[in-house]
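**Q** Given only the sequences and the hints, what does the whole structure look like? Please build it.
Chain residues, written in single-letter form:
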Amino acid sequence: MKSIRGCMKPWLLFFMLTCAFSGCASVQPWEKQNLAKPEMTFEGDRLDTGYTEHIYSSKEASSGGSGVGGGGCGCN
Amino acid sequence: MFHELNDMRKQRELCQNRKASVLGALLASAAMLLPLANLVYADAAPEKGMVGIKYLNYHDSQTGDTPLTAGMSRDRIDVNALSFMGMVPIDGKWTIAGTFIEDSVTGASPAYHGWGFPAETASGASGDLRHAGDLNVTRYFSRGTLTLGTSYSEESDYKSLGCSLNGTLSTESKNTTLSLGTALNSDTIDLDRDTVVGGKRNPDPGRKTVFSGLLGVTRVVAQNDIMQMTMTMTHGYGYYSDPYKDPDIRPGHRNMFTFMTRWNHHFEGPNGTARLSYRYYSDSFGIKGHTFDAEYVQPLSNDWQITPLVRYYSQSAADFYVPTGSDPLVMTPTTGMAHYSEDQRLSAFGALSFGIKISKEFGDEWLADVKYEHSQQCYDWGINGKGDPGIPTFNMRAIQIGVSRKF
Amino acid sequence: MKTQKMKKFGAAFIALVLSFGLSSNASALDKGEKVPDFSLPGKQGAVKLSDKAGSLIYLDFWASWCGPCRQSFPWMNEMQAKYKAKGLQVVAVNLDARTDDAMKFLAQNHADFTVAFDSKGQTPRVFGVKGMPTSFLIDRNGMVLMQHVGFKHADSEDIEKQIQSALEGK
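Protein chains in written order, with my numbering: chain X, 1 to 76; chain G, 1 to 407; chain S, 1 to 170.
Derived from the structure by calculation, the hints contain no laboratory data. Keep in mind that the hints are not guaranteed to be accurate.
Footprint (simulated), chain X over chain G, 3 or more residues, beta carbon under 8 Å [what the hints assert, rightly or not]:
hint, region
1, 247 to 260
2, 283 to 296
3, 388 to 398
Fair warning: this is a prediction, and the values are worked out from it, not measured in the lab. Cβ coordinates follow ideal geometry from the N, Cα and C atoms, glycine included.
**A** Next comes the structure, spelled out in structure tokens:
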């Protein structure tokens, strides 16, 4: 039986931390014209995402990844 | 009285790397003294509320397109669904958002592999009608958000209740945001029904409890690039078998891990945006999955927008998946095994999807959209070689039509 | 094994939270500080801040793509009309990289106050602008009376009170 701990490799955390605080050039508040566009955010059309995630998670073994919470379903 | 701008700039540049600023008194940090205020549009509470409605029509089928699976072609499931969403900002600091969905399912799913369909009745864990909804309350702070959520899902044989708590914390520049979340779900599966396979019928319902935790970082990389990385861990225990599949006895717990990376890039020239994502999935059933998503949002004239998308998915089989034998129409014996399943969703396969979404804005308030998506699963499209050749090719298509309004 | 992993995870998390607290490299103009002068192209000729010395100045940094900025325009019109006679001057510095975008915005959103254009973003750097929009209330001697980030109707009442008291307490 496999354990989930085997999957959580420390390099992942390290990668996330380095990326988060690397010396990327800082973007100023007045330079966020394009970042302000709705399509540049990670939130999308909620109902579309709801349908799409529901469809794929009921036909594939993988699920989740983009957030926690939200409705469960009997589509085992 | 007034200093010259250029002199100020030169001085600041000179001493930028030193702690002691020549301009000390002039340019001391005021940030700590700022009252709680919305620092940046993106993390600020939305200015407008929104309502939306969306219709879904879904159809899937399987195709016996190899000598082994010849004759297995047939339609499987049809779904018609209607969903609603609403979001209301309150006092510039709060939002309440909710969704509600009703869907109806007709058709049938196989009991094992790609075969074993029940007679012409609705079947599978999906009952005739499902209702689901969620409600989220978010409090916006100057550098973060806190969201409390509840959710439910109900169908004739299945009930799920959930609650969640999510928080975000941003740096002062708003260029880095940390996300933390946790959720708890409790499911009840009715096993006292005629459609439940014989050996699993039980007056007591099956129960399942699932905990999830999330850690994520969102980072503005450049003026046209933003990245997000999210790790999710889920631990669940209880009834994981499928009451309508036979043979199918699964372990009583399931741990899942996902690592998801998303990257959005804006192209100045065409004014379009590429949205890419990759998800790694691994669970204690022994399944590993890779999901690649790419879409490109292109605004056109007159407030039209077109978004083509592609998706590739690959998974390995569960440790206890029992493949087809020489005849895919016959179930494989499982005598002597502790856990086993012949559910094709636990087999190894790859899937490829294509889709397109077209939307149009009417003024600043109305938005209408249509989306078409088609996907195909094949036993030999996986990253790690071939899966089970006795599983027929699976096709699905979904059409969505939606309207939303800001107010 | 498990506790070791959890410890690692915990340590990384604490480091992450700490670095958030320390990652501020801010230096915004604070209350009581003298403001730097600037000269920028405007809607009607050059706009030089020091030319307005002697007036109470409401200096606003905005952009066409910023939602709260759009909401602040009617309010700034109202303030300019209401307190012009008492000596208030509203100066709104546009920070769009493409001044064309600002012009389109101004065609739809009427501005009854001084508008200047800084497409290179030099002034917000010096003023330490931390969000969009950011505004400064500057007294008749060129000293910062107030700095405010964002725009909400709830906050605007408070800012108006500060304008009133600054105009009366000269």
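**Q** Hint by hint, note whether the structure agrees.
**A** Now for the hints, and whether the structure bears them out:
Given a C-beta distance limit of less than 8 Å, the hint that chain X covers the region 247 to 260 of chain G holds, as 7 residues qualify and 3 suffice. Coverage of the region 283 to 296 of chain G by chain X holds in this model, with 7 residues showing a Cβ closer than 8 Å to a Cβ of that chain against a need of three. Coverage of the region 388 to 398 of chain G by chain X holds. Counting CB-CB distances below 8 Å, 3 residues qualify, and the rule asks for three or more.
Checked against the numbered hints above, the structure violates none of them.
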